[in-house]
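Quick mapping for you: the protein sequence lines, in order, are chains D and H.
Numbered per our numbering, the first sequence spans residues 682 to 1099.
Numbered per our numbering, the second sequence spans residues 682 to 1099.
Keep in mind that the hints were calculated from the coordinates and are not lab data.
Be careful, since some hints might not be right.
The list makes no distinction among identical chains, and a pair is therefore deemed to hold if it is satisfied within one copy or across any two copies.
Listed next, the in silico DSBU-like pairs over lysine-lysine satisfying Cα-Cα at most 35 Å (straight line) [as the list claims (entries may be wrong)]:
#1 Lys871 x Lys1088
#2 Lys871 x Lys962
#3 Lys892 x Lys871
#4 Lys839 x Lys1017
#5 Lys892 x Lys1088
#6 Lys839 x Lys1088
#7 Lys871 x Lys839
#8 Lys1017 x Lys871
#9 Lys962 x Lys892
#10 Lys962 x Lys839
Please read these numbers as outputs of a predicted model, since none were measured by experiment.
2 protein chains.
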Amino acid sequence: MNLEQMGQAAQAAAYVLADSSTQTKNHALLVMADALEANAEAILAANEQDLAAARDQGIDAAMLDRLMLNPERLAAIASDVRNVVSLQDPVGAELDSRVLENGMRLSRRRVPLGVVGVIYEARPNVTIDIAALCLKTGNASILRGGRETFNTNQELVKVIQQALQSSGLPTAAVQYISEPGREWVNGLLKLDQYVDMIIPRGGANLHRLCKEHATIPVIIGGYGIGHIYVDDSADLTRAIEVIDNAKTQRPSVCNTIDTLLVHEAIAEQLLPLLSARMAEKGVQLVADAPTLALLTSGPASVRAATEEDFDTEWLGLTLGVKQVADVDAALAHLRKHNASHSDAILTSTLSHAERFINGAPSAAVYVNASTRFTDGAQFGLGAEVAVSTQKLHARGPMGLEELTSYKWIGQADYLIRD
Amino acid sequence: MNLEQMGQAAQAAAYVLADSSTQTKNHALLVMADALEANAEAILAANEQDLAAARDQGIDAAMLDRLMLNPERLAAIASDVRNVVSLQDPVGAELDSRVLENGMRLSRRRVPLGVVGVIYEARPNVTIDIAALCLKTGNASILRGGRETFNTNQELVKVIQQALQSSGLPTAAVQYISEPGREWVNGLLKLDQYVDMIIPRGGANLHRLCKEHATIPVIIGGYGIGHIYVDDSADLTRAIEVIDNAKTQRPSVCNTIDTLLVHEAIAEQLLPLLSARMAEKGVQLVADAPTLALLTSGPASVRAATEEDFDTEWLGLTLGVKQVADVDAALAHLRKHNASHSDAILTSTLSHAERFINGAPSAAVYVNASTRFTDGAQFGLGAEVAVSTQKLHARGPMGLEELTSYKWIGQADYLIRD
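Same shape as in the complex, but just chain D (with noise of 0.2 Å):
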């Protein structure tokens, strides 16, 4: 199939599922998850080939634990899956109503986008992952994973097509781009005739891409510089637990902080229980001049930082450190340092906390509590489709409801407009 003839057959899908109610799906969810299991086998196997290939290419040892599945790995996904079945439906609830002076009764009702494209890299467990939720929400999918996981994803979607198909689905709701080529992404992204939405779920190079090429609207997500911004009035000691946590619980993902901003007022006692901790949880601090200046004798490993320091999403064991005059002075630098995730203020002071939460850029700001909560199960939404850190549609973790659309419906007794 050409991407015109996979666009065509996913909104037809898409139609079907629009229709199909939230016990059908549920019921393919649930033959979905059993099949995982029932084809661990046949699932295991052909990621043991897409690992070979890996080894074969000297692909590093962490890319190499994202591609892998083993039994409990699949074990967890049909779990996971289990539980989009026990998630609210959010297609078909009313989100408002009115009766017009003219007798017309106007409402809006939720429904789903129609046709969801995602362009994603390594991990097979975004295939089941997103194939699920826009299931869910009876939204077609049409995904292309990464080459990595090719053989993988080639069966994880055949058990996908034969659950849709023994559930009286059409197979042509959850859609794989098998053919490599970078021209196949750049034609799903051209797809507008058929495609409402592209999600990529990888770096900011693949965001770029799409943001670049799509002529079809896309979640720019996942990357921001995080701060946290210590103000004069905070809790010192407790400060240097939240700074820890941001930094240091799970250094690679994209809601820990890259940078701390610390009032000058405070600098002299926070910074040397800083450098203690960082130094404890092996973090190299790249300091602005005076705070290095207050660093250098400290435990932590510190170098000085250049202004491109503080641009950087250290997705690892570094932060940037910098002194500031005051909460305006921080968020000017939130401002030109591209926050757009998750920042924090940790404050005693409650016009401090009002004024960061109403001028800081992000998508999720955050009063003293770690940026580490931007994240959907933490906010309690029952699934995360992605995290947008654009203002339109959706911003910051999307949920169920995030894949979904409304159309106006106007009822009355063959009403005229005068």
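Fit chain H to the known structure of chain D by using the hints.
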């Protein structure tokens, strides 16, 4: 100023606007409304220059009428600005909130989008209209109007910026791209570092241009083929009134109908009534073969339809007519022929109404009502920014709320993630 500088200035202004009270924004709007009337002479003189240039270029009467301002139109524009003052400011409202199990108080608060880019064609009222709606919602705007209204827009923006300045708001809250040349439009479409949303206000070509070149989310809308499907259980006498209204009340706009779908069981009764009424209103009918046979003896002008006719948005006194077997056949026609804006069913059968509501791919679906109601004012939104036919962010008429985003706010007591 180059575009980069305009983008920077707009972003800086957006931060100030996001922090401004409703009172401050309303004050600026009232000053703007007064200034439009106080500067009527200069504005109308500039408009006369544009009109003279347009006449020299042999621009048609309809276009000249769209360009033209006079004291009454200017007063109406000022009055629209005062109306925006009376609308509720959506910014700052809490959309929802909860306390998580860990004690974090998590809420979503409505915030401005930031910077909105608007590209439009001839009508100078759009300049004021969109500037006012953006200002009310705390968004900075970068405007690019058609070259036919260059002088008028220059003068209008001067008035706007003076009003901003005298109200203590940054003049860069509303900026206008005065330079001619397509490269400025293309540049604006790629200014994703500073601009959060693009609204094209114009025809299909402008929307296509934006879709293809923008790296910024674009609100696509304002066109689509409009349909009425007359079911076999419809009240035919009253159906004619609704069809007439949907076709002829204002034939040039986007919420009129282009195609009438007639249940084949009632075609013989309905079509003579239709022919008589359409003849009276000067509407030419374009019919499929079975319908043509029933229409040739009637008073209305009629010709045979080609398939392309059912993909044509007439924007004038032409109406496609086609017979269909039932509501599902009507829906199949809608899906094939780009129904995305406003479509209606006329029926007495509840299950057919529900089937049509669920199945129509339209932003607005009507039961026993004219499609002409798809409009921000008719829907009680108070203002209309655009009519979206895409499914992301907003669908159908967009009011002030659709010029906003939200941010997540998490407040706790030095909370860390386990």
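Going through the hints against the structure:
no., hint, in the structure
1, Lys871 x Lys1088, "both (24 Å within a copy, 30 Å between copies)"
2, Lys871 x Lys962, "neither (46 Å within a copy, 42 Å between copies)"
3, Lys892 x Lys871, "both (11 Å within a copy, 10 Å between copies)"
4, Lys839 x Lys1017, "between (47 Å within a copy, 29 Å between copies)"
5, Lys892 x Lys1088, "both (26 Å within a copy, 22 Å between copies)"
6, Lys839 x Lys1088, "within (33 Å within a copy, 39 Å between copies)"
7, Lys871 x Lys839, "within (26 Å within a copy, 40 Å between copies)"
8, Lys1017 x Lys871, "both (32 Å within a copy, 19 Å between copies)"
9, Lys962 x Lys892, "neither (37 Å within a copy, 47 Å between copies)"
10, Lys962 x Lys839, "neither (44 Å within a copy, 58 Å between copies)"
Of the numbered hints given earlier, the model fails hints 2, 9 and 10; all others are met.
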